[in-house]
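Undergrad: Listed here are the chains, written in short residue letters.
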Amino acid sequence: MSFAMEPFLALILIGFLPSEVWRWLGIVVGRGLDEESEIILWVRGVATALIAAVVARIVVLPPGALASIPLEVRIGALGIGFLAFLLIRRSAFAGVLAGEAALVLGALAFGV
Amino acid sequence: MTDTAIARPPRSSAQAFRDGLRAALTSILFYVLLGNYSGIGALCYEFGFSPIWAVLCTLLIWAAPAQVILISTLGTATLLEVAIAVSLSSVRLLPMVAALLPMLQREDTRQRDLVLPMHLTAISVWVEGMRLLPGVPKEERAAYYNGLGCGLLFAATFASAAGFYLAASLPPLLAAALLFLTPMSFLMTVCRNTRTLMDGLALGLGLVLGPLIAAQKIGLDLLWTGLIAGSAAYAVHRLRQAKASAP
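These protein sequences, in sequence, are chains C and F.
With numbering that gives the first Met the number 0 applied, the first sequence corresponds to residues 0 to 111, in that order.
With numbering that gives the first Met the number 0 applied, the second sequence corresponds to residues 0 to 246, in that order.
No lab work stands behind these hints, which were simulated from the structure alone.
Just so you know, these numbers come straight off a predicted model, no measurement behind them.
It is possible that part of the hints are untrue.
As the list claims (entries may be wrong) - Partial list, computed: chain C residues near chain F (C-beta under 8 Å):
id: 1; residue: G14
id: 2; residue: R22
id: 3; residue: L70
id: 4; residue: G98
To be verified - Derived CB-CB ranges, DEER-like:
id: 5; chain 1: C; residue 1: L70; chain 2: F; residue 2: G218; range: 19 to 29 Å
id: 6; chain 1: C; residue 1: P69; chain 2: F; residue 2: I51; range: 48 to 58 Å
id: 7; chain 1: C; residue 1: M4; chain 2: F; residue 2: R21; range: 19 to 29 Å
Glycine included, every Cβ here is placed at the ideal spot set by N, Cα and C.
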């Protein structure tokens, strides 16, 4: 088996550097930064939506083993996790646990 | 805990580092990271990366959203598009680093001494650091923070490798549950950080628009979703502000 360099180059060039640059900039320009400035607010909105889109993508177009579970069960489990989060003192742990349980039970009930 | 920061005799950097490590091990986030990153390791397996790649990905990037975007979109979009999406998801590191600096920095601190603490800064380490550092004498803080960061990064790196091998060997249903950890815990993290109408709108719009835009097969769908949904949420925020300040 040959050793492929491309994935590692990609990791450095389009994974590590584009992400790490914000840490470096934080050291350089950090002092004068206003956390409530309009540009920071806008970036926060975009980043939040981006993460939401990642969540939706993995649930709707899942990789590998997750694809064997029906779409309705995947979306339902995400919703149940969210409900559990709201109902149980906004606990992220409860949400993850409820969502996972719903996914497994749903898969068993509706056939994998 | 009877000793205070002032009464305590000075400690060596190694001792401060060890204290930080211990704080990492006793943090709830250590165990949260074990769970979250085993999901990310499983993603690496499903998308065909090697276990070494999975481990390096966590060590080098150390920002879960950036990692998941990279893992799940590499090969489906152009490299520039992936790089922009990764970068946008990590902008939040800048204000975190900026808020942390004054706690670590002294007059004699060299910039290169800050590179490691800043690389270790991820949301988990930052949250624990901001909570614990005020109780640590200033000259010990950098070493303490490095210990804390290394401890938490170790949990994530270990879990990345473990998740990779678990995904390869678990029965399909459990492997699916492992993969589901990533979207479920991301959603929970965003929900917990949602304090304003803008955050909530960005989240809801992103969830709904994401698949709709992806279905158009225009490529770059993550980035478009982020820009459209995020900007729309921001616009609503501005409109409401304008309305509130109008006579």
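Undergrad: Now tell me if each hint is right for this structure.
TA: Structure-based check of all given hints:
{"no.": "1", "hint": "G14", "in the structure": "holds, 4 Å"}
{"no.": "2", "hint": "R22", "in the structure": "holds, 5 Å"}
{"no.": "3", "hint": "L70", "in the structure": "violated, 10 Å"}
{"no.": "4", "hint": "G98", "in the structure": "holds, 4 Å"}
{"no.": "5", "hint": "L70/C / G218/F: 19 to 29 Å", "in the structure": "holds, 23 Å"}
{"no.": "6", "hint": "P69/C / I51/F: 48 to 58 Å", "in the structure": "violated, 34 Å"}
{"no.": "7", "hint": "M4/C / R21/F: 19 to 29 Å", "in the structure": "violated, 39 Å"}
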